[in-house]
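Trainee: Since chain A is already given, all that's left is putting chain B on it; use the hints.
Sequence order for the protein chains is A and B.
First residue of the first sequence? That's 146 in the numbering used here, and the numbers climb one at a time after it.
First residue of the second sequence? That's 146 in the numbering used here, and the numbers climb one at a time after it.
There may be inaccurate statements among the hints.
[Stated by the list, open to error] Partner residues aside, some chain A positions facing chain B, computed with beta carbon under 10 Å:
#	residue
1	A171
2	G178
3	P212
4	I271
[To be verified] The calculated SDA-like cross-link candidates involving lysine to any residue, where the alpha carbons are at most 20 Å apart (straight line), are:
#	chain 1	residue 1	chain 2	residue 2
5	B	K248	A	D259
6	B	K202	A	D470
7	B	K486	A	R284
8	B	K202	B	Q292
9	B	K243	A	L258
10	B	K202	A	P443
11	A	K480	B	L288
12	B	K612	B	V565
Keep in mind the hints are simulated off the structure, nothing from the lab.
Backbone N, C-alpha and C define an ideal beta-carbon position, used for all residues, glycine too.
The lines below spell out each chain.
Protein chains: 2
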Amino acid sequence: MSDQLTKRDADYAQWYNDLVLKADMAEHSEVRGCMVIKPHGYAIWEKMQAALDGMFKATGHVNAYFPLFIPKSYLAKEASHVEGFAKECAVVTHYRLKSDPEKGIIVDPDAKLDEELIVRPTSETIIWNTYRGWIKSYRDLPLLINQWANVVRWELRTRLFLRTAEFLWQEGHTAHATQQEAEEEARRMLDVYATFAEEWMAMPVIKGVKTASERFAGAVDTYCIEAMMQDGKSLQAGTSHFLGQNFAKAFDVLFTTKDNKQEYVWASSWGVSTRLMGALIMTHSDDHGLVLPPKLAPVQVAIVPIAKNGEQLTAIDGYVKPIVDALRAKGITVKYDNDDKRKPGWKFAEYEFKGYPVRIAVGPRDMENGTVEVARRDTLEKQVMQTADIAEKVEHLLQAIQDNLYRKALTMREENTHVVDSYEEFKDRIGQGGFFMAHWDGTAETEERVKNETKATIRCIPFTGDKTPGKCMVTGNPSAQRVIFAKAY
Amino acid sequence: MSDQLTKRDADYAQWYNDLVLKADMAEHSEVRGCMVIKPHGYAIWEKMQAALDGMFKATGHVNAYFPLFIPKSYLAKEASHVEGFAKECAVVTHYRLKSDPEKGIIVDPDAKLDEELIVRPTSETIIWNTYRGWIKSYRDLPLLINQWANVVRWELRTRLFLRTAEFLWQEGHTAHATQQEAEEEARRMLDVYATFAEEWMAMPVIKGVKTASERFAGAVDTYCIEAMMQDGKSLQAGTSHFLGQNFAKAFDVLFTTKDNKQEYVWASSWGVSTRLMGALIMTHSDDHGLVLPPKLAPVQVAIVPIAKNGEQLTAIDGYVKPIVDALRAKGITVKYDNDDKRKPGWKFAEYEFKGYPVRIAVGPRDMENGTVEVARRDTLEKQVMQTADIAEKVEHLLQAIQDNLYRKALTMREENTHVVDSYEEFKDRIGQGGFFMAHWDGTAETEERVKNETKATIRCIPFTGDKTPGKCMVTGNPSAQRVIFAKAY
Numbered sequence: 146m147s148d149q150l151t152k153r154d155a156d157y158a159q160w161y162n163d164l165v166l167k168a169d170m171a172e173h174s175e176v177r178g179c180m181v182i183k184p185h186g187y188a189i190w191e192k193m194q195a196a197l198d199g200m201f202k203a204t205g206h207v208n209a210y211f212p213l214f215i216p217k218s219y220l221a222k223e224a225s226h227v228e229g230f231a232k233e234c235a236v237v238t239h240y241r242l243k244s245d246p247e248k249g250i251i252v253d254p255d256a257k258l259d260e261e262l263i264v265r266p267t268s269e270t271i272i273w274n275t276y277r278g279w280i281k282s283y284r285d286l287p288l289l290i291n292q293w294a295n296v297v298r299w300e301l302r303t304r305l306f307l308r309t310a311e312f313l314w315q316e317g318h319t320a321h322a323t324q325q326e327a328e329e330e331a332r333r334m335l336d337v338y339a340t341f342a343e344e345w346m347a348m349p350v351i352k353g354v355k356t357a358s359e360r361f362a363g364a365v366d367t368y369c370i371e372a373m374m375q376d377g378k379s380l381q382a383g384t385s386h387f388l389g390q391n392f393a394k395a396f397d398v399l400f401t402t403k404d405n406k407q408e409y410v411w412a413s414s415w416g417v418s419t420r421l422m423g424a425l426i427m428t429h430s431d432d433h434g435l436v437l438p439p440k441l442a443p444v445q446v447a448i449v450p451i452a453k454n455g456e457q458l459t460a461i462d463g464y465v466k467p468i469v470d471a472l473r474a475k476g477i478t479v480k481y482d483n484d485d486k487r488k489p490g491w492k493f494a495e496y497e498f499k500g501y502p503v504r505i506a507v508g509p510r511d512m513e514n515g516t517v518e519v520a521r522r523d524t525l526e527k528q529v530m531q532t533a534d535i536a537e538k539v540e541h542l543l544q545a546i547q548d549n550l551y552r553k554a555l556t557m558r559e560e561n562t563h564v565v566d567s568y569e570e571f572k573d574r575i576g577q578g579g580f581f582m583a584h585w586d587g588t589a590e591t592e593e594r595v596k597n598e599t600k601a602t603i604r605c606i607p608f609t610g611d612k613t614p615g616k617c618m619v620t621g622n623p624s625a626q627r628v629i630f631a632k633a634y
Numbered sequence: 146m147s148d149q150l151t152k153r154d155a156d157y158a159q160w161y162n163d164l165v166l167k168a169d170m171a172e173h174s175e176v177r178g179c180m181v182i183k184p185h186g187y188a189i190w191e192k193m194q195a196a197l198d199g200m201f202k203a204t205g206h207v208n209a210y211f212p213l214f215i216p217k218s219y220l221a222k223e224a225s226h227v228e229g230f231a232k233e234c235a236v237v238t239h240y241r242l243k244s245d246p247e248k249g250i251i252v253d254p255d256a257k258l259d260e261e262l263i264v265r266p267t268s269e270t271i272i273w274n275t276y277r278g279w280i281k282s283y284r285d286l287p288l289l290i291n292q293w294a295n296v297v298r299w300e301l302r303t304r305l306f307l308r309t310a311e312f313l314w315q316e317g318h319t320a321h322a323t324q325q326e327a328e329e330e331a332r333r334m335l336d337v338y339a340t341f342a343e344e345w346m347a348m349p350v351i352k353g354v355k356t357a358s359e360r361f362a363g364a365v366d367t368y369c370i371e372a373m374m375q376d377g378k379s380l381q382a383g384t385s386h387f388l389g390q391n392f393a394k395a396f397d398v399l400f401t402t403k404d405n406k407q408e409y410v411w412a413s414s415w416g417v418s419t420r421l422m423g424a425l426i427m428t429h430s431d432d433h434g435l436v437l438p439p440k441l442a443p444v445q446v447a448i449v450p451i452a453k454n455g456e457q458l459t460a461i462d463g464y465v466k467p468i469v470d471a472l473r474a475k476g477i478t479v480k481y482d483n484d485d486k487r488k489p490g491w492k493f494a495e496y497e498f499k500g501y502p503v504r505i506a507v508g509p510r511d512m513e514n515g516t517v518e519v520a521r522r523d524t525l526e527k528q529v530m531q532t533a534d535i536a537e538k539v540e541h542l543l544q545a546i547q548d549n550l551y552r553k554a555l556t557m558r559e560e561n562t563h564v565v566d567s568y569e570e571f572k573d574r575i576g577q578g579g580f581f582m583a584h585w586d587g588t589a590e591t592e593e594r595v596k597n598e599t600k601a602t603i604r605c606i607p608f609t610g611d612k613t614p615g616k617c618m619v620t621g622n623p624s625a626q627r628v629i630f631a632k633a634y
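Chain A on its own, in the form it takes in the complex (with noise of 0.2 Å):
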């Protein structure tokens, strides 16, 4: 298969859209921008899921459902908000279809809805309308509440899960009794994705503020973790919103303090996609195929029968039982693949391109030798190990490959990050792709010129790091601190 597999260098888009394809990720749908999500991009979604939601309900929140529709009005009620996302609506007009005698199924006209109903590219609005209603005194608060849900944004130029039409995400929409602990909340949840993504995805995240014309459409201020992908570009990784009262004006969301005042409720709102599935893709496979970090692979082990015969199946079937058993006893996910529709070669060849963080092969002169064939995937390496504690050897050998991910990428961005002060060598290196550290004047002018000469954006004011005062590379006036400018997904 990974004959098959464009080479990275030669092209790294074509190399992406391959390999989610060919590994079985996800492919796209005949209905415009829409994707499937096959089953082994689904299992590593749900790993995310599974790893992401524990740490929300580790810090207080609950989840809930709120509905798919939002009436047109809504949308309209907060002025940035419906200008943000108009232009990428789908509307539902109609509740019916029926039979026409000479065009066949088509759209009833007499069902018509007296409001159009948008399909929720965000929720913030019809959960602002409803929390109206749940939320009267200062007991009420904090809200804390998620969604997991399906969103759609019409997009026209779609790549599958960079940017589809209909995405699946967790919203985070939170109430808050005041503008500090509303701040602190959405400082919270950007350390949890950025946690989430160094800790599970090993993924190296730079944290840091989205300046105002990339700001969520709605929100006082937008945080950010971007990530450096192999090709040098920056992906948004997650994104957690400072809201303000924006919300709670906009719907007439008050409350009771106190001291029975009647205030504003402050907001945040946060958020990951599948997206998230595209970002693992590009930080750590290669041009063998996907490498998954052992933390969020469906299956960790792959472990594959090499036999002549059915006797020596039989016989090697014995022999690893009890290394499944005690690799499952430490919480290892383990398929022992001893289906004979299949040879041996095309396991290997599947396991290694599908990236399974480990396989072990085990043959007729293993058993004489008391052994096992151990491979695993991020560096390709084999070795021969004895079958006495494999379990713990396996399990240092799963961290290992976890650990040198994260250090691999980590590494890479490190060596793509160029700390430059002229705009001429800023434009001569910038179609290298990596990180450029500059100054910048703080306004949108210099932003936009810089985007139109370059394609390059700045991707976050960067909270941590070098904070020493400079002058804009572009302008030469007074710059607070150097920004990071990068091209991006």
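Mentor: Frame of chain A, contents of chain B only:
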């Protein structure tokens, strides 16, 4: 709270509606027919999902995700399928809004879709259109896929959980090489649903096959589980369909057999939905509020301290801590509610009303005596228990509650199941509710007549029980076996 609840005897439908709202399970949104599932309701749904998902995976199924939108032409490909769903389809016709100087935000008439998209009412068509690309040979079969998703069936008269325009569900869609395998799969998944209903929901069900007129649109056979609600009405809690080759033929899905022939693929589909939430409520809850089986309760044990002052509270905190630890060590979910914003009386009422299976109260005298007061929700009984081995005692109590709820529901059903041979007697008694085991001549005409005259339908032809032939209670014509007539949700 329970004093504001309509009594079941007074108005069962109103009791149900009150309870769903007041117990914070769900509410109507302002979007016609769509509900908001509130955190307490959603937490129960999550427990249901986790249990079902585990059972699906244990029977070899994997999850995937298919598009929300279905092109109108797909629906039209299977004739009886489109006939069944045409009248309840939400239709997307446009993909953009725009600002109009006079009317504000309007649907952009220039952004009309060439082909209208239906918001999925069920996914057979889009999935079988996709399976055409996935299935080439017998090696690709069986394909055992499930999807967790939202679906939309436009309903004008809605009831929370029981009948809503949007609802959440899972839909399994499997593909097989032989008719026998597909039929076995449909029956296997019906068994999974029955096991889930009885062992997790503590809700006894009857398995059977639907009559032709109650069949899923596009199915060859529809199997179902039917449960009796407290008012004697039947609720169809899950269905599983043997689809024959209908969808394979509509979407040209053929496979190469081992003998190198081309054959159409055989199919099953099966689903349960948030309707189960309604079934759960109407099986166990009472005039005091929700009653939840411990296996599906989001929190199984609530512990409430009764303290006169901060000092006492601190002492109780210390007294309770090892109890909480011991319960959690057994996998029991516990909430220790020492929040001082609410009084103990408020908390007792809250936990009773919301169906926490076990409530433990701890006051100063308990500390002196080494006791706690334990209340069980199902019987409302209280007893003082020594704290020695408290975790074991509570574990047994939770199991006793689970068993008692099932037994009570089964007894209720048995007492309200009647064998009738005369149509006169049937008409006299059907108004009181219950299941009526009666002979039927197998014709749609008789079924229709009974429905028109009594509003009762044939819920299913049960798989087990009395199989003696007899004479139809309406026409006197031969009948193969008794079937179940009942009024239904």
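Trainee: So, for every hint listed, does it hold in this structure?
Mentor: Status of the hints after comparison with the structure:
1. A171: At about 9 Å, which falls below the 10 Å cut-off, the nearest Cβ of chain B leaves the hint on A/A171 intact, so it holds.
2. G178: holds (9 Å)
3. P212: holds (4 Å)
4. I271: holds (7 Å)
5. B/K248 - A/D259: holds (15 Å)
6. B/K202 - A/D470: Within the cut-off at roughly 19 Å; holds.
7. B/K486 - A/R284: Judged against 20 Å, a Cα distance of about 8 Å means the pair holds.
8. B/K202 - B/Q292: holds (12 Å)
9. B/K243 - A/L258: holds (18 Å)
10. B/K202 - A/P443: Holds, at about 13 Å.
11. A/K480 - B/L288: Distance ~18 Å between A/K480 and B/L288 Cα, so the pair holds.
12. B/K612 - B/V565: holds (15 Å)
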